[in-house]
Amino acid sequence: MDNSQGTVVTPSSKGTMKVFSDLIEASKNLPTTSSQLGSIQLSVSEIKRRAIELRKNKDIDTNLTKAHYLLAGSGLAIEDVDTSIKDLRNKPVLEQNVANSSTGNEIDTYLRAKKGENILSSIEQLLSNAAKDFDVFVNQNLNLDWAQRKEEVMENFGIITKGKNSNDHIGDTSLSASEIPKWGTSLTSVLNSGESKLNVNENYAIREKFETYAKIIHQFNNDRQNGHHFSLNKEFISIIQSLNDSKNRQILESWKILEILKGQKDVVATAKSYLQNQFLEYVDILSRKTMNEGLPTNSNKIRSFIDSKLKNSDNTWKIANLTIVNGNPIWAMIFYLLRAGLEQEALEVVENNKSGFKKIEQSFLSYFKAYVSAPDRQLSMEFSSRLHTEYNQHIKSSLNGDPYRLAVYKIIGRCDLTRKNISSVTLSVEDWLWIHLMLIKDNVMGDEPAYERYRLEDFQNTIISYGPSRFGDYYLQVLILSGLYELAVEYAYSLNEIDAVHLAIGLANQGLLSVTSKMTDTLITVENNKRMICIAKVLGNYTKSFKYSDPRIAAEYLVLIALSNDPAQIEICHEALRELVLETKEFSLLLGKINRDGARIPGVIEERQPLLHLQNEKEFLRIITEQAARKADEDGRTRDSLLLYQLSEEYDVVLTIINGLLGDILSDSDLTQPLLTADDNYETNPILLAQKLILMYSDNSEISKQINVTNKETCSLLLQMVEIRKIYSANQWHNVLTQIEGLDILPFSNELSARKKAEQFTLLDENIVKTVPNLLIITLMCISKIVHSLVQNRYLFSETKDQQISFLKNISRNCMAYAGIIQYKMPRETYSTLINLDVAL
Numbered sequence: 024m025d026n027s028q029g030t031v032v033t034p035s036s037k038g039t040m041k042v043f044s045d046l047i048e049a050s051k052n053l054p055t056t057s058s059q060l061g062s063i064q065l066s067v068s069e070i071k072r073r074a075i076e077l078r079k080n081k082d083i084d085t086n087l088t089k090a091h092y093l094l095a096g097s098g099l100a101i102e103d104v105d106t107s108i109k110d111l112r113n114k115p116v117l118e119q120n121v122a123n124s125s126t127g128n129e130i131d132t133y134l135r136a137k138k139g140e141n142i143l144s145s146i147e148q149l150l151s152n153a154a155k156d157f158d159v160f161v162n163q164n165l166n167l168d169w170a171q172r173k174e175e176v177m178e179n180f181g182i183i184t185k186g187k188n189s190n191d192h193i194g195d196t197s198l199s200a201s202e203i204p205k206w207g208t209s210l211t212s213v214l215n216s217g218e219s220k221l222n223v224n225e226n227y228a229i230r231e232k233f234e235t236y237a238k239i240i241h242q243f244n245n246d247r248q249n250g251h252h253f254s255l256n257k258e259f260i261s262i263i264q265s266l267n268d269s270k271n272r273q274i275l276e277s278w279k280i281l282e283i284l285k286g287q288k289d290v291v292a293t294a295k296s297y298l299q300n301q302f303l304e305y306v307d308i309l310s311r312k313t314m315n316e317g318l319p320t321n322s323n324k325i326r327s328f329i330d331s332k333l334k335n336s337d338n339t340w341k342i343a344n345l346t347i348v349n350g351n352p353i354w355a356m357i358f359y360l361l362r363a364g365l366e367q368e369a370l371e372v373v374e375n376n377k378s379g380f381k382k383i384e385q386s387f388l389s390y391f392k393a394y395v396s397a398p399d400r401q402l403s404m405e406f407s408s409r410l411h412t413e414y415n416q417h418i419k420s421s422l423n424g425d426p427y428r429l430a431v432y433k434i435i436g437r438c439d440l441t442r443k444n445i446s447s448v449t450l451s452v453e454d455w456l457w458i459h460l461m462l463i464k465d466n467v468m469g470d471e472p473a474y475e476r477y478r479l480e481d482f483q484n485t486i487i488s489y490g491p492s493r494f495g496d497y498y499l500q501v502l503i504l505s506g507l508y509e510l511a512v513e514y515a516y517s518l519n520e521i522d523a524v525h526l527a528i529g530l531a532n533q534g535l536l537s538v539t540s541k542m543t544d545t546l547i548t549v550e551n552n553k554r555m556i557c558i559a560k561v562l563g564n565y566t567k568s569f570k571y572s573d574p575r576i577a578a579e580y581l582v583l584i585a586l587s588n589d590p591a592q593i594e595i596c597h598e599a600l601r602e603l604v605l606e607t608k609e610f611s612l613l614l615g616k617i618n619r620d621g622a623r624i625p626g627v628i629e630e631r632q633p634l635l636h637l638q639n640e641k642e643f644l645r646i647i648t649e650q651a652a653r654k655a656d657e658d659g660r661t662r663d664s665l666l667l668y669q670l671s672e673e674y675d676v677v678l679t680i681i682n683g684l685l686g687d688i689l690s691d692s693d694l695t696q697p698l699l700t701a702d703d704n705y706e707t708n709p710i711l712l713a714q715k716l717i718l719m720y721s722d723n724s725e726i727s728k729q730i731n732v733t734n735k736e737t738c739s740l741l742l743q744m745v746e747i748r749k750i751y752s753a754n755q756w757h758n759v760l761t762q763i764e765g766l767d768i769l770p771f772s773n774e775l776s777a778r779k780k781a782e783q784f785t786l787l788d789e790n791i792v793k794t795v796p797n798l799l800i801i802t803l804m805c806i807s808k809i810v811h812s813l814v815q816n817r818y819l820f821s822e823t824k825d826q827q828i829s830f831l832k833n834i835s836r837n838c839m840a841y842a843g844i845i846q847y848k849m850p851r852e853t854y855s856t857l858i859n860l861d862v863a864l
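Going by my numbering, the final residue of the sequence shown carries number 864, and the count climbs one at a time with no gaps.
To be clear, the hints were calculated from the coordinates, so they are not data collected in a lab. Do not rely on the hints blindly, as some may be mistaken.
As the list claims (entries may be wrong) - With a cut-off of at most 30 Å between alpha-carbon atoms, the simulated DSS-like pairs for lysine-lysine come out as follows:
1) Lys332 with Lys312
2) Lys295 with Lys464
3) Lys608 with Lys715
Could you put the whole structure together from the sequences, leaning on the hints where they help?
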């Protein structure tokens, strides 16, 4: 019968395959390392005997096609098995070795090995029983509520557990304990605080814009650091204007608003001023084209504007109910002069045309004079009450009245606030904004009725309820003008992320943003009924796309987190810079480097030390570099922490880490392999680095004073062991023993020395302790090699030979006695190896 590979399966091969199958099945019942049955250990003699029996059956069929399937998941190639079986057939090594050895020697060897096996078996049984007793003790005595502990740990790390809500977010923010925030995997991370899709290296245009903005930020930081004035707003206005792109209009206008807002805290007054100046500029530009006669006074310019907007081509008025006095629409003139912020010019128009007012409007001049002369543009209670009465009785109810008269009365008297919109006179979004701002009054008297109250917060809520669809391409400016700065940054992201980030920087620089120190999964949070933005999230998220390609620029942006001088923000700034250091590993660039003479050369972050609110170099080293080193150490990034501790001038800690690395290398490496290769250098090999540091620290007395004497001695000992390994690899057995004796760790003299050295073992540095097992093996290996050489030497006198062998065996006995005392503090296989080496002597 053919299988899928086309190989004929014979009856004999079927039998063979059954044997293999049975063996595999039976192997599943063999004890593992975790089994309570212990491990299987066969002596060399027993292995020989079984191998001879196996060799008797030479009719093993190697046509084991189906074994391919059986061994497919094990990673073992059947061709390798086939080759090995053929080698066994062709090279009867076992028989030759057995034939050449005498029966007596075999029995002696067997008995000695059996003795060692019994000793090890007893030790393993004791250890196994001790482990079982410990497990029972833990189960009986440590009754912990792990669910409760898990919740406590998660709360300690700021992870919101299921069923607990936070009021710091907009909307429902209760999280399951298993959920991970969207902005990153760590609640303290700054650089991984969002899911930015920006790639500043995507194309030439984006890269050019990124670099242009980065140059401005770099210069901004330079001038701040040097105490010079730097107009961030004007720089960005200049850059955006040069782009001459209609897509950037909203951003450009927003920066112009920021320039007006500079140094002003009254949102309403500033916004009105901006809108009035903007309108006057527009009127001025338009009048140059349409004004044909008269002096270019502001009043004449407004009159020209009215003609262009309110007159038809046949010189008739578009609005039928306009009040015309001396050929001019008097109320429209007053309205637009107010719209341009020209209150005095508006008053002159009222005074010059008072005879043209109707009887019911005769009191208006008194009201308007009081309004213009009032610093806060607020009427007295008497005038306000009289104006409201006239408005409600005559102006409001007039069916064919002048809409501009209605608008002027409403503005100066804040009348009928339930109907704030006047559609016939608001020709643009800017007009609508201006009228609402003119009606706002935050210092509301307690006795005023609710319908007469209109605060900035009410206006802001109206804008938010309308959303971007109502304002089109003007929404960003509307948000800024109404004081919704945090929402302006959030909306700017929908236009362009690079522009949004720099708009946030501009607002933060002017102290206009309410900044939170909480890293949440949203850009804006609500704390105490106040919107707050996470500027660290804005800047950290932005740097994600270039922190590896441009770490220097990333550092310049992260420094801006501390722009507000708020202690919490400063701390976040420091954390962000530590993250940048650890993630990019650009230690030399960001933190500086150490010269050959031990002197530090500062990096980018240290150059910005004054902007980080660090008083001196020592504080910088402690806050930034040392804490970054600790974080790297906690994360298991030993080599990174080593360099960072060195940069932070924690030389004793550096030597401690070096000693740990040397101890690991000397204890874990294969004794047959060299510790150094031709490709190694001090940046990749701890041994070379240790040699360099010890030399450098010894030459620099100031550094040497900072290092613990014990640390120095430990490092010196470990480096001596490195040299021992070197000469051991060169087969210099006698020299190795001499060097090991010089370490004064192992007992070379007598049995009393063994006990004394065993007592001192517990006082050794932990990194020295690691190396003792390999040191013992090397010692006995060298003794074994020398003894074997002496036995083979026919030219040496027997007496001399016996003396040397006796001396060496004495050292071996002392080392074995020492090993027997400390055996439980060494790996089990070490003592087994030592017994075999000692028995073989």
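Each hint tested on the structure:
no., hint, result
1, Lys332 with Lys312, "13 Å, holds"
2, Lys295 with Lys464, "13 Å, holds"
3, Lys608 with Lys715, "22 Å, holds"
Every hint from the earlier list agrees with this structure, and none is contradicted.
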